[in-house]
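Protein chains in written order, with numbering that gives the first Met the number 0: chain D, 0 to 237; chain R, 0 to 221.
No wet-lab data here; the hints were simulated from the structure. Careful, some of the hints might be misleading.
Unchecked claim - Short, incomplete list of chain D residues facing chain R, as computed with Cβ under 8 Å:
#, residue
1, Lys73
2, Ala74
3, Met83
4, Phe84
5, Leu85
6, Tyr86
7, Asn88
8, Tyr97
9, Ser100
10, Tyr102
11, Val104
12, Arg205
What the hints assert, rightly or not - Dumping the calculated DSS-like pairs for lysine-lysine here, alpha-carbon to alpha-carbon at most 27 Å:
#, chain 1, residue 1, chain 2, residue 2
13, D, Lys75, D, Lys54
14, R, Lys74, D, Lys75
15, R, Lys18, R, Lys74
16, D, Lys54, R, Lys74
17, D, Lys5, D, Lys75
18, D, Lys5, D, Lys175
19, R, Lys8, D, Lys75
20, D, Lys175, D, Lys75
21, D, Lys5, D, Lys54
Glycine included, every Cβ here is placed at the ideal spot set by N, Cα and C.
These are the residues of each chain, in order.
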Amino acid sequence: METALKLENISKDFGRIIALRNVSLDLMQGEFISILGRNGAGKTTLLNIISGTSKPSQGSVLLFGTDPSDRTTKAKLAVISHEMFLYNNLTALENLEYYASIYRVENPGQRVLEVLAEVELTHRRFDLTGTFSRGMLQRLTIARAILHEPSMLLLDEPFTGLDQHAIAMLSTLLLKQKSKGRTILLTTHDLHLAVELSDRYIILDRHAIVEDGNISETSPEDLRTRFFQPLEKAGETV
Amino acid sequence: MRTALAILKKDLRMEFRSKESILAMWIFSLLIFVIFNFTFEVSRLVMLEIAPGLLWVAFIFSGIFGLNQSFAIEKENGNLRSMALMPVDGGSIYLGKFLSVTTIMLLFEALIFPIFIIFYDLHLSWEMLLLIPVILAGTIGFTSLGTILSAVAVHTRNHQILLSLLLWPLVSPIIIWSVTMTGMVLNAEVVQGFYPLLLRVVAFDIIFFTLSFMLFEFILEE
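Chain R with its partners taken away, still in its complex shape (with noise of 0.2 Å):
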């Protein structure tokens, strides 16, 4: 946990003092509504419609940028091959990246949802708390995951197209359970499946999670 905890510090340190990652998340998901708003002229409830979309568009977009810089950072001087020389398990190491890569993507989730509710003219309720264990568990989902496909394309030329290609097939399910749940709470439609759903996607999180914390150490090895 002491090894997982430094490369959070570490990964923190850098991130609140280049702002890179953060910045440019922010940046291209503001974007991404100020487009969609524009572009199209519909009704009220045909925007409730397709907004869930356009929010996770903004953040699996945003969050593959994020998890590109996490693994980039490490590649500058040589610092991946110095994680294979520490005495750790690579576990922990999985651990620090995962802890890293979902803090930044939770706080940038944060600070672009408020914009979100005033761009789509979102009603601010109660029952949109759920939305807090839907992000939670998506982004955890798609974190975990990232995170070890981050580590393996990194050591590719084209490892921003390579992350996008082996992330998206084996995320998707993900993706898709956590657009229809927040689709499910900005209708004001939370139904008997909400909870199923939403336990699935705690259940491929853990599935993702252990089973990348274990193979870790191969991906640190040459």
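Extracted from the complex, chain D is given alone in its bound form (with noise of 0.2 Å):
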């Protein structure tokens, strides 16, 4: 398997605060990854950075081999978080449409249609997104993101104001882009959801990597007991 991600001692810092210190991961590609920490953490930031929007203050970040701000990098990367990159004054087809356009996506009427019945908004397509729930405007940031068939997936917090039954669908989602091959990075305060959807885990604390884990070696109680403790072994490995 080749690696998708390398970091290698990423530290941030805007000015006197400091977001990220020493942070090293590697990443294979098909791999699904959850990274936990408590607000302020430092999970966005670093989802920032290995998106390409922002510079490290040190160290390195290869993304397939290459600077995440190389364009043909970008193309293989969709970021999915709590803002859905969506205008509410285009139909839901309007949006998919106008992304499929930037991203060059090869026969893009047929991969919009294709698209919107994976997250079964075909009903719904030619509606203006401004009048979609929070669930739905999710599904749609779904399809945005997979539009390209990206080789990487960066979600930040998708899950945050979502009701069961959206949750229960973004995670068959998500398992199915797994399935396919994709590589998943996921920021998330669910640890039950971590557990069922990822391969491995992370806990982010105090800026830095505190722990670093399968999670087939894992139940959601044990990862509940690890998050919960991250201060004190921070206080060894910090």
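Got two chains here, each in a separate frame; can you build the complex from them with the hints?
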């Protein structure tokens, strides 16, 4: 298996505020990793650095062997966050057609309908996204993200504000993406979902990785214990 | 170019659906014309002196509203960040936004100009066709610089104020020359100095556009 992501001693500060300290991480293609950590631990900053929208203060990032700000690398990436990246005043179809055009999707008309069917929004394709519920918006966001068949998905707390039905649907969609061999990075506070979906987890605390483990070797209870103990652990490792 | 056209199509589709910018710009300009027309009881000669300034006041104030609106829609739902994630160069994104802002502004100008003619009782003549390159050059200068500065200002809390503060000093030569040329045309006094002025505005347009096109990549970065 080839390396999808290589982070070496990444540090990031915003003036006097430290966001990340010496973060190193290797991720193989097709791996699904959950990044756990409390608010302000540096999860979003880490995703921003991986996506190339933020530069690290120190260290190096290689995404599929190249710089994340490289255009060909960007084309292999999709980001899903609590920001939808959708236009309220466009219909679902128009939003996807716009992104299909930007990402140079082959046979865009057919592909747009395919992804709409995948997220079960075909019947709402002519409706303005401003009229959508939070769950429907998140599904459309997934459709927007997978439209260009990215090799890697970066998900920044995508379950925030969703009801149980929408969470179940999003989980199924993510597992489907995983089965297609896509590399997935997910930041979440939900330990059960992390165990259910991912192969591996890391815990970020005080802006550094304090735990890196395989999900198969842990249970949600185990993970909960580890999640709530990082302060002591951080004292040893950071 | 494909990226720029996709952005242009998206922006125009949204604008024609909501008519938010054009309608607000049009009403604002109409108010300016009405207020000035009924406030000053001056002779036609004096009115011809102040009319070019009034026309450009309407264009520019409304244009600033249009510029603010252009990037406000990108800020909604984090779309500005999605632009930074796109596998395209910043120049293409700039070109798309520039084309949409310019198209909307030119459309608004075409809609408001007949009202201006009626309110200030101006006589139509073939010479007035010279206003086309004047308005086109002045508008392009304003929007080429305004587009990049609007992208800078949108990140801040008081982006509307900041945009005006950044834009005015830089764009004022273009506006002053455009007002001068408009005055020459309206007064039927197109003299030798007209064409060098027009060339000067075009030169500024090229400089502003080229610099903005090259620098826009950095605006999208954090």
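In ascending order, which of the hints set out earlier in this document are inconsistent with the structure? Violated hints (numbers, rising): 11, 12; every other hint is consistent with the structure.
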